[in-house]
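Number of protein chains: 2
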Amino acid sequence: MTAEDHAALSAAVGPAHVDVTTEARIRHAGGRSTPDLLRRREPDQDAPDAVVRPAHHDEVRACLDVAVARGIAVIPFGGGTSVVGALDPERGAHHAVVSLDLRRLSGLVRLDEVSGEAVLAAGTTGPEAEALLSAHGLELGHFPQSFRYATIGGFAAARSSGQNSAGNGRFDTMVTGIRVATPTGDIELGRSPGSAAGPDLIRVFLGSEGIFGVITEVRVRVHPIPRERVFESWSFPDFTSGVEGLRRVAQQGNGPTVIRLSDEAETAVSLAQVGKIGKVLAKGTSVVTVYEGEGIDERRTRVSAHLAAAGGTSSGTGPAEDWLKGRFDGPYLRDSLLDAGVFCETLETATTWTNLQTLRSAVETALKGGFSAAGAKSYVMCHVSHIYPTGASLYFTVLAGVRADPLGAWEPVKARVNDAIIAAGGTISHHHAVGRDHAPWLSQEIGETGMRILSAIKRELDPAGILNPGAVIPLERND
Amino acid sequence: MTAEDHAALSAAVGPAHVDVTTEARIRHAGGRSTPDLLRRREPDQDAPDAVVRPAHHDEVRACLDVAVARGIAVIPFGGGTSVVGALDPERGAHHAVVSLDLRRLSGLVRLDEVSGEAVLAAGTTGPEAEALLSAHGLELGHFPQSFRYATIGGFAAARSSGQNSAGNGRFDTMVTGIRVATPTGDIELGRSPGSAAGPDLIRVFLGSEGIFGVITEVRVRVHPIPRERVFESWSFPDFTSGVEGLRRVAQQGNGPTVIRLSDEAETAVSLAQVGKIGKVLAKGTSVVTVYEGEGIDERRTRVSAHLAAAGGTSSGTGPAEDWLKGRFDGPYLRDSLLDAGVFCETLETATTWTNLQTLRSAVETALKGGFSAAGAKSYVMCHVSHIYPTGASLYFTVLAGVRADPLGAWEPVKARVNDAIIAAGGTISHHHAVGRDHAPWLSQEIGETGMRILSAIKRELDPAGILNPGAVIPLERND
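Each protein sequence line maps, in turn, to chains A and B. For the first sequence, our numbering assigns the number 479 to the last residue and increments by one with no breaks. For the second sequence, our numbering assigns the number 479 to the last residue and increments by one with no breaks.
Pulled out of the complex, with its shape left as it was, chain A reads as follows (with noise of 0.2 Å):
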């Protein structure tokens, strides 16, 4: 980055907000896969090389023009939690390149309580987003395993999905309207609930992933704070019998807020950690419910009905508990499993109810298939958190002892697994996103004219391509 550049970002969002520390910088240098806590351990790594911390729209867009005018590349950084290498500081085909930190972006903009919409500035995190909405007696009710960190806007632009998803839906389905900054124009979306004035560009957008604009206002359904929680826990003889009784609930609706289904091995191991529950729970797989809002003793009279018409049994509320208490926290463990010589990564996708079980087998034998070429022994576990009434997400953690080069053993696995997914018919992500890890297989999902309307909307709106370089669509696209 020359001083030229420097001066012009320092112009647009003030000196002090032009950040060129190594400790920024590297901190800025990727998101939280286990590649990139692999690469934050070696001596050298690539870093963006400055990070601009505009503090509403308008500096987002005074930044934008500096990097259209300049030819700096801009990669959007909320907070920071992607995990398919969509922060890269990638700068395709730009001398420089920024990481745009929306954390100044914070705060509740506007709320209407009896339509039941907030508008949250795009850089407000899950818990701060919360608490503002708390002050007033209500909730957003996104729950990512992301939570404690990502931002609204992250959500927005990756298509997240929570752990309340059974009751409060996708992000998706809760955003009612955006403001999004874009490197040739503004844009503000949502005039009303429902629409068929053309095509719902809101959708053009959510899944963006930064290449067509910066978010930088959401406007979302909100709801009262929850009164009651209930939880109740089950056990299944199998996988099969568990995802029955999860289609059962999914196809009759109004059921619980939160629903997963652990298969064996993750019901061993989650069991033996929590360490209540003895041998006979431990051996088939295990299903969470919590009950949030109105009419729980209806909707769980009627969900335990169909579970146990599956084959279920309840065993009380203690897992269930147990699991709210530490869901968070999975994603934070990875380190110190890496320092024990295990690797240790999380991968997901969907389908319908039907192709579940053939989707599942393919994922693990990938995975399993794919350590056992490197010399590896691994232990895979999978469960269903999101459910629909059509189908599922599968969500897979695999262990496994790799002595040398983690990394170099892990690609050639998850080029593997992502085949497999293709092949399957599954998606390449229900809620992870496509970043620059899963942006190789996009064209297998979407084809090629999926391809071709993508990069036609970011030649339009973004022709100098100055946001987020090959995330999402592959670099050497050259549409």
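Derived by calculation from the structure, the hints in this document are not laboratory data. Careful, some of the hints might be misleading.
[As the list claims (entries may be wrong)] With the C-beta cut set under 8 Å, the calculated list includes, among others, these residues of chain A facing chain B:
id, residue
1, Ala196
2, Gly198
3, Pro199
4, Gln251
5, Glu294
6, Glu298
7, Ile446
8, Arg452
Where is the CB? At the ideal position from N, CA and C, for every residue including glycine.
Mind docking chain B on chain A? Use the hints.
Showing chain B alone in chain A's frame:
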């Protein structure tokens, strides 16, 4: 259309399916708005040069190839029920225009009973779809007023919303996959019920009204045919209290399958027609509720409590049952009214709960003021028939005694209403779509950046501009 054009299209679909008879051309000369009905009374009218009837996706593909090669405009045509001028035989810059009638693309292509998904050919009508599904004990449950004629592809292309939307959602939310033939390539989307694999490109085609491609198949969520149906009607002292009742029901969730509130003017006319209700009820506003599916008693108890708390009084099952019997009849009365010298048209919008009364007043004022300026008296009725947690739709019916040139009288009134909707923060259409009638107002809803996104997709997929010229994106835009 030249003889060569005719021969090329005949080669694509077979000579029997290129229809140049006057009757076919007149029947495909427009949609079903009141201006359409009036225009069809004139001796001179525009009509497409031919009606082309492909039988399946590959024939649609072949037709588009011919149209691109020979410079023929193509108007995709499903049930022909557009009320926004989406079917006008507009040739744009091309020497000929054909109506691409999709009714032969009919039937159930695939059914996955476990996942609750059906793939329907785009030209399948509402009643055909329900008949095909009912053989398997299943239902789609999408009942817009156009149900008798409109097609699955049309529902998708126009972002339809049906009378059961409170329970079954708008058509947007029922779609889980789509297959489209564009002039520059095919696309098939929808690998999973939820995804974060980039922006949801299905949403680019929902609401695209045939300007990006021709939808040939739609995958939809289906559910078991409800075993029970319960009706209940309510009366409220006024519109404000009725809206408050609907808001509580929408925000609580899991309410009735159908809910609609008629204002004082509509209540008086409807009840007078039915002829069964005394003066007391006819003086306020009325709400129809219908419950289908699971847990009716419990849902009805909760909903009743909310409606009563807002000032409602139950008025038995009668009016709701009467509404159901006549619910698709409204549009077919307009011709008789026109014969009697009464102009009758409908229009609709939506906004947040907070803004609903303001928007209603603005539209009513524009309608009455507009007709008054034309020296005509008018009667305006309004109902709310699609509710969301954050807002609702408003549907207006206007009757006016216009003696001469009703078409000429209506045009400035409609423009005044559209201006009023934009100024009052509503959407230019909640479920009728854009077509050519609303296209000049779309840029005020989605902004210049929004129009540029639509134009960029259009240029990419249809560089020759053969598809439905002037619909959604006004012809005069030269992006």
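Results for each hint:
A least Cβ separation of about 4 Å between A/Ala196 and chain B falls short of the 8 Å threshold, and the interface hint therefore holds. Annotation: interface hint on A/Gly198 holds; nearest CB of chain B at approximately 5 Å, less than 8 Å. Interface hint status for A/Pro199: upheld, as the beta-carbon distance to the closest one in chain B is roughly 4 Å, under 8 Å. Proximity of A/Gln251 to chain B holds as hinted, the smallest CB-CB distance being about 6 Å (cut-off 8 Å).
Because the smallest distance between the Cβ of A/Glu294 and any Cβ of chain B comes to about 6 Å, under 8 Å, the interface hint for this residue holds. Annotation: interface hint on A/Glu298 holds; nearest CB of chain B at approximately 5 Å, less than 8 Å. Interface restraint check for A/Ile446: the shortest CB-CB distance to chain B comes to about 6 Å, inside 8 Å, so the restraint holds. This hint holds: A/Arg452 has a C-beta 6 Å from the nearest C-beta of chain B, less than the 8 Å allowed.
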